[in-house]
Amino acid sequence: MNNRYILRVLAPLLLVMTLVSACSGAGAPDNRGGNGPSAQTGIEGETKAGGTVTYGYPSPFKGLFEPAFYEGEDDLRVLEFITEPLLTVKDDLTTAPGIATWQESADHKTFTFKIKHGVRWQNGDELTVEDWKFALEVIAHPDYTGPRYYSVEMIEGAEAYRAGKAKRISGIRIIDPYTMEIKVTTARVNTIDNLWAYPMNERYFAGVAVKDMPSSDQVRKAPIGIGPFQVKNIQPGEFVEMSRFDNYYKGKPLLDGVLYKVFDDKMIASLFEQGAIDIEQAPRDAYESLNKLDNVKLMQSPDLSYEYIGFKFGHWDAKAQRIVMDNPKFADKRLRQAMYYALDRQGIIDGFSYGLGKLAETPISSESWAKIPEEQINRYPYDPGKAKELLDEAGYKDKDGDGLREDPKGAKFVIHFDSMVGGVNDEPRTEAMLQNWREVGLDVRLNGGALKEMNTFYTMVEEDDPSVELFNGVWGLSNDPDPSGLWRENDLWNYPRWSSRENERLIREGVSVKAYDRDYRKQVYYDWQKLINEEVPMMIFAERETIIAANKRLQGVKVNAYTHIIDPYKWWIKDGE
Amino acid sequence: MTNKNAPVSLMGASARKFAANRPAVVSLLFLIAVLALCLLAPWLTAHDPVKINLRSLNQEPSAEHWLGTDKGGRDMVSRLLFGGRATLWISLCVTAIIAGTGTVVGVLAGYFGGSADSLLMRMTDVVLSFPFIILVIVVKSVDPDGGIPSLIWTVGLLGWGGFARVIRAKTLAEKENEYMLAARALGAGTLRILTRHLLPGLLGVFIVNLMWTAAAMIGVEASLSFLGFGVPVGQPSWGNMLADALSPEVISGQWWVWLPACLLITGVILSIHFIGEGVKEAISIQERHI
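Chain order of the listed sequences is A and B.
Sequential numbering from 1 applies to the first sequence in full-length UniProt numbering.
Sequential numbering from 1 applies to the second sequence in full-length UniProt numbering.
Fair warning: there could be bad hints in the mix.
Covered by chain A, per the in silico footprint, the following chain B stretches (three or more residues, Cβ under 8 Å) [what the hints assert, rightly or not]: (1) 48 to 56; (2) 62 to 73; (3) 163 to 173; (4) 263 to 275.
Here are the simulated BS3-like pairs of lysine-lysine, each with C-alpha atoms no more than 30 Å apart in a straight line [as the list claims (entries may be wrong)]: (5) A:Lys399 / B:Lys51; (6) A:Lys530 / A:Lys388; (7) A:Lys386 / B:Lys51; (8) A:Lys358 / B:Lys51; (9) A:Lys397 / B:Lys51; (10) B:Lys51 / A:Lys412; (11) B:Lys175 / A:Lys388.
Simulated from the structure, these hints should not be mistaken for lab results.
Only a predicted model underlies this, so the values are computations on that prediction, with no experimental measurement involved.
Even glycine gets a Cβ: it sits at the ideal position worked out from N, Cα and C.
Just chain A, with the same shape it has in the complex (with noise of 0.2 Å):
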């Protein structure tokens, strides 16, 4: 998604860049891995040994398989099989100890964490604190241009080594190799929640510049993790064999391996049928057909997931790490409601993606304790009639009589809209939406004439392409409400590049001392989207629904609103089937 981004992740766990229709959702948590079954196959107990099994995956992948620099759900995919976090996120999106466990002092500002021992990298190494402290010091380094500085801001001392002016973070100590004690510059109710918690092997790094690390061997030919399925083979946006681990600290894990492919959705059903994937997040739009297969078991989650239309309100400024409102196009916020409702989204979801998703308008899950009821938001129902009332009001008319509005200035409006391949269903779809705008008299053209790979997509859209002004993306959340990290000035994922004082400061609130007290952190959040929502810089069109699609033989998968990569060294295959 497609595609294709980055940039720091704040807050939520983990905010990933996914496809707009063939897969729904990637909202995989970022830091964090979850557990805890929602739905799931087969029966345990009697369980068999080897085998090896084919994840299909829509889009070319990318490649970045180190945690601290993947941008995208496609790199995050195979990241799930080979490596874990060190803490996990429990069923009430709260995160819970895993290899890791901690306490936290009486005025929340250190954290002394503890490791278990015996865990084994695959390369043979044991995994130390050590490991954990450099994946924090790659993240805060100066040369870093992944995405996830804001899983680590929160340490005393990042800043200054982010600055260079330290030679190490001041805030990181170690213990024994098995214990470290992490001291944050503020009390935040999220900070457990937000700290990056993915070790990097530092002695399988020695000698590789962090500016090097994203097109190293070590991160794109060879990466290696403490999970159950080690990399043995990768061909660039193809595919990624993975083998069996042995010593992976939960046991052995029951298949041989796994093979991560990528395989053209509009084939899904038939591949399934073939027998050539056993499992893949599948597109919305092969439901009814995958339904149909007797090999096949559809399950079903919703999804930490949103859908959204953005419009460019500036550019990103990397000198000066923070987004630039020089965009006046949309400035006006009249036509940004109403371009929000003449979109028949009821409409689109249900003729598209089989009624697959849930309308929202806020961008907090819908399963956070931090979402605002909707009686207390405007919920811009489809109404092409308000749009044209507003269109009007705001001095877009039609003064040349071409059934299409013009600018208040009288200047021809054309709008370029920007979206993603998918599934098969996605070129009425988009045509659907221009329709809808066309309806009210607004001139809204797809951005060269064609929908864009996943990759080319966020590309485009996170390097501001002049040509971008409209753009439909997904965004994958992470478990704490905190929109830290897409939604602040100096958040590069910050895609509409949009902001406000009003925003700064409920965000900045939202995760405040005064914020320990949840009813007081949630009406905070309740503000935030009351201004979103008034606001309107991006129009969220729904929430999704994960459809994953399994063979038959395949057994022991779950899946929840994360994931459905949980626990993969149970997963074994039933033979006969």
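Following the hints, put chain B in place on chain A, whose structure we already have.
Leaving out everything else, chain B in the frame of chain A:
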């Protein structure tokens, strides 16, 4: 009297010869019917070929939609008719560009010979050796909003090489005829010789090549659109309708989406070829007389 009547009776003979060619006549009627239907499309169907209709996606043929609807709920009959307009219009325009350029280049090269011939023929070689698809893709990415006109110009300006060669060869042969010498001996100017004596002699070759080019261009539109480099996605054209068959579910379960477009493309190309053959035979009568 005889002189005046001769062409008439020759025309008559040609027409009779053509009429005797069953496949050609049937093809002609078929082509006229298709053209008429496509041209009259706005009056023949009440359905908008582009408008997405969320409440009637992927419907089977019914009384309301004779050939069902596609994945966007668009009526297939209206898409076929409007798609035919796009496809045939592209074919027509491209053929006109090719025939025009090809004839001028071919006649000038063949008639004048010498360095003009060398120059024009090297140009033709260059055009012929251009990687056609790659250039179309490049133009498409440089001028993404160009749509159909840009497609027409690209294909037209790249496609005249073969046409020019055929016309040049025929010109070289005609030039040696005695009536040309006679015309020159009588003091006719170059322009008069070219237009009054040479061009009529090329008519047969011209018409037959014109037909083949038109048929080929329908195929070119269909294949470019199928690959995604032709008519912009979403606009109806026969090639775009074929592209829907890329999805296995459509191919196996929704024949009405792709089969009619397939049959029409095949039918129209075949009938143009039959007509071309008929015309060729009919004209050969005249040529024998000349």
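Results for each hint:
Three residues within the 8 Å Cβ limit are the bar, and the stretch 48 to 56 of chain B against chain A gives 5, so the coverage statement holds. Closer than 8 Å: that is the beta-carbon criterion, and the stretch 62 to 73 of chain B has 4 residues meeting it against chain A, so the requirement of 3 holds. Closer than 8 Å: that is the beta-carbon criterion, and the stretch 163 to 173 of chain B has 0 residues meeting it against chain A, so the requirement of 3 is violated. Counting residues of the stretch 263 to 275 of chain B whose C-beta lies closer than 8 Å to any C-beta of chain A gives 0; at least three are required, and the coverage claim is violated.
Of the pairs offered as hints, the one joining lysine 399 of chain A and lysine 51 of chain B holds, with about 24 Å between alpha carbons and a cut-off of 30 Å not exceeded. Restraint check: the Cα-Cα separation between lysine 530 of chain A and lysine 388 of chain A comes to about 23 Å, which is no more than 30 Å; the hinted pair holds. In summary, the hint linking lysine 386 of chain A to lysine 51 of chain B is supported, as the alpha carbons are separated by about 22 Å, within the 30 Å threshold. Of the supplied pair hints, the one linking lysine 358 of chain A and lysine 51 of chain B holds, its CA atoms being roughly 25 Å apart against a limit of 30 Å.
Taking the CA atoms of lysine 397 of chain A and lysine 51 of chain B, the gap is about 23 Å. The hint holds against a cut of 30 Å. Between lysine 51 of chain B and lysine 412 of chain A the CA atoms are separated by roughly 23 Å; this keeps the pair inside 30 Å, and the hint holds. Between the alpha carbons of lysine 175 of chain B and lysine 388 of chain A the distance comes to roughly 69 Å, so the proposed pair goes past 30 Å and is violated.
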